[in-house]
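Q: Can you build the whole structure from these sequences, using the hints too?
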Amino acid sequence: MYTIGQVSAMFSLPVSTLRYYDKEGFFPNLERKGNIRYFSDNELEALRIIECLKKSGLEIKDIKQFFIRVSEGSASYEKRKELFEARKSAVETEIQELQKTLSLLKFKCWYYETAMKDGNEDTINAMLPDKLPKNIQKLYDKGHE
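Residue numbering for the sequence shown follows full-length UniProt numbering, starting at 1 and increasing by one per position.
In short, the hints are calculated from the structure, not lab data. We put the CB at the ideal spot given by N, CA and C, even for glycine. Wrong hints could be hidden among the right ones.
Straight-line distance between alpha carbons at most 27 Å, and here's what the computed DSS-like set of lysine-lysine pairs gives [stated by the list, open to error]:
#, residue 1, residue 2
1, K131, K108
2, K61, K79
3, K134, K117
4, K100, K55
5, K81, K23
6, K142, K106
7, K117, K79
8, K117, K131
9, K134, K108
10, K55, K106
11, K100, K61
Derived Cβ-Cβ restraints for the label pairs, each shown as a range [to be verified]:
#, residue 1, residue 2, range
12, F84, N42, 15 to 25 Å
13, A115, E145, 22 to 32 Å
14, I68, T93, 58 to 68 Å
A: Written out as structure tokens, the structure reads:
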């Protein structure tokens, strides 16, 4: 069993967020002794799912709906799987977009390092768009997809 302070430190979440999740009903079996909340491994797993779904772009109201489905048992397996499939797809799309962004950022870092070394952009501009060094060309192409 873990106190709210320990869970806060474990997940790098403010205590207020954990209290909010509790108030929203995400921890229906949370043990209390007096005013102290004690989190079991079940609550920690619920918290991992909450944070995963949040990071995937889901809103709290939709996460709440997921937990309602969990309480429905096996009848909601298909709906729960659909939710995770949709979030997986959204995250994969976001990763692809971020890879494109990262490639362009890396290209621009090389661009300005080279420009500073040369004192101008003439050499670089002469190589654009398809005569760049092979590794830089890959970054350029990916960033301009």
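Q: Are the hints correct? Go through all of them and say.
A: Each hint, compared with the structure:
no.	hint	verdict
1	K131 - K108	holds, 16 Å
2	K61 - K79	holds, 16 Å
3	K134 - K117	holds, 19 Å
4	K100 - K55	holds, 20 Å
5	K81 - K23	holds, 26 Å
6	K142 - K106	holds, 11 Å
7	K117 - K79	violated, 57 Å
8	K117 - K131	holds, 19 Å
9	K134 - K108	holds, 15 Å
10	K55 - K106	holds, 25 Å
11	K100 - K61	violated, 31 Å
12	F84 - N42: 15 to 25 Å	holds, 19 Å
13	A115 - E145: 22 to 32 Å	holds, 24 Å
14	I68 - T93: 58 to 68 Å	violated, 27 Å
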